[in-house]
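Read top to bottom, the protein sequences are chains C and L. Last residue of the first sequence: 125 (our numbering), numbering continuous. Last residue of the second sequence: 116 (our numbering), numbering continuous.
Take the hints with a grain of salt, since some may be wrong.
Claimed, not checked - Derived lysine-lysine pairs resembling BS3-like cross-links, with alpha carbons at most 30 Å apart:
(1) K72(L) with K41(L)
(2) K73(L) with K111(L)
(3) K26(C) with K108(L)
(4) K73(C) with K26(C)
(5) K41(L) with K73(L)
(6) K73(L) with K61(L)
(7) K108(L) with K89(C)
(8) K22(C) with K111(L)
(9) K41(L) with K75(L)
(10) K22(C) with K108(L)
(11) K89(C) with K26(C)
(12) K61(L) with K41(L)
(13) K61(L) with K49(L)
(14) K108(L) with K61(L)
(15) K108(L) with K73(C)
(16) K61(L) with K72(L)
(17) K49(L) with K89(C)
(18) K41(L) with K22(C)
(19) K22(C) with K49(L)
(20) K73(C) with K22(C)
(21) K111(L) with K61(L)
(22) K73(L) with K108(L)
(23) K49(L) with K108(L)
(24) K108(L) with K41(L)
(25) K73(L) with K49(L)
(26) K89(C) with K41(L)
(27) K61(L) with K75(L)
What the hints contain is simulated information worked out from the structure, not anything from laboratory work.
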Amino acid sequence: NAGVIQTPRHKVTGKGQEATLWCEPISGHSAVFWYRQTIVQGLEFLTYFRNQAPIDDSGMPKERFSAQMPNQSHSTLKIQSTQPQDSAVYLCASSLDGQYAEQFFGPGTRLTVL
Amino acid sequence: GEQVEQLPSILRVQEGSSASINCSYEDSASNYFPWYKQEPGENPKLIIDIRSNMERKQIQELIVLLDKKAKRFSLHITDTQPGDSAMYFCAAEGGTGSKLSFGKGAKLTVSP
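Model the full structure from these sequences, guided by the hints.
As structure tokens, this is what we get:
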């Protein structure tokens, strides 16, 4: 079991460019979560899917951020027109069922917006 | 959404002593409370969790206490070792869904 896989591990973009982050959940896990981690804000929930369906995107900035899960083996987080304040570590997690279940985190993608 | 407060943010103890981290939450419907340990450059890893039908849970040197009335929960690490040095995050899963709301974290340093 390779755990949750996230690519790329590091991404540097210029202000205004687009960034797409990829997550491959643990095989058999039905819930996929996206979080953002910064020194100032800590770990913040962004969005999550269960059985590929979007369930809760209450943490997503309304503009520029979008997430999809086209199949059970991967999810993407897309940030359009990146801004310096988007710089953070973006963590993907998966769990067997969702509720009350351990969330296994991936290694994260460190996004730096210059 | 759920708000989780975590204190202290920095904790320094001597090897062999105990360390305690306290968290409080607002949503009385929250019913699952995991604790994650994160070492530098690594992803957060679950170390212990407790559900709302329990008041106490212990795994080896880790003890979690939950007071639902006061909406507080805490992590106690007994007989700390230098390998326990890390960031510790408490979290609460709200009653309306599976997302975790995290505390801001506590940096524990255990000195030999």
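Results for each hint:
no.: 1; hint: K72(L) with K41(L); result: holds, 23 Å
no.: 2; hint: K73(L) with K111(L); result: holds, 27 Å
no.: 3; hint: K26(C) with K108(L); result: holds, 28 Å
no.: 4; hint: K73(C) with K26(C); result: holds, 18 Å
no.: 5; hint: K41(L) with K73(L); result: holds, 26 Å
no.: 6; hint: K73(L) with K61(L); result: holds, 17 Å
no.: 7; hint: K108(L) with K89(C); result: holds, 25 Å
no.: 8; hint: K22(C) with K111(L); result: holds, 27 Å
no.: 9; hint: K41(L) with K75(L); result: holds, 22 Å
no.: 10; hint: K22(C) with K108(L); result: holds, 25 Å
no.: 11; hint: K89(C) with K26(C); result: holds, 14 Å
no.: 12; hint: K61(L) with K41(L); result: holds, 17 Å
no.: 13; hint: K61(L) with K49(L); result: holds, 18 Å
no.: 14; hint: K108(L) with K61(L); result: holds, 23 Å
no.: 15; hint: K108(L) with K73(C); result: holds, 23 Å
no.: 16; hint: K61(L) with K72(L); result: holds, 14 Å
no.: 17; hint: K49(L) with K89(C); result: holds, 25 Å
no.: 18; hint: K41(L) with K22(C); result: holds, 25 Å
no.: 19; hint: K22(C) with K49(L); result: holds, 23 Å
no.: 20; hint: K73(C) with K22(C); result: holds, 22 Å
no.: 21; hint: K111(L) with K61(L); result: holds, 22 Å
no.: 22; hint: K73(L) with K108(L); result: holds, 22 Å
no.: 23; hint: K49(L) with K108(L); result: holds, 16 Å
no.: 24; hint: K108(L) with K41(L); result: holds, 12 Å
no.: 25; hint: K73(L) with K49(L); result: holds, 28 Å
no.: 26; hint: K89(C) with K41(L); result: holds, 28 Å
no.: 27; hint: K61(L) with K75(L); result: holds, 16 Å
Violation of the numbered hints given earlier is absent; every hint is satisfied by the structure.
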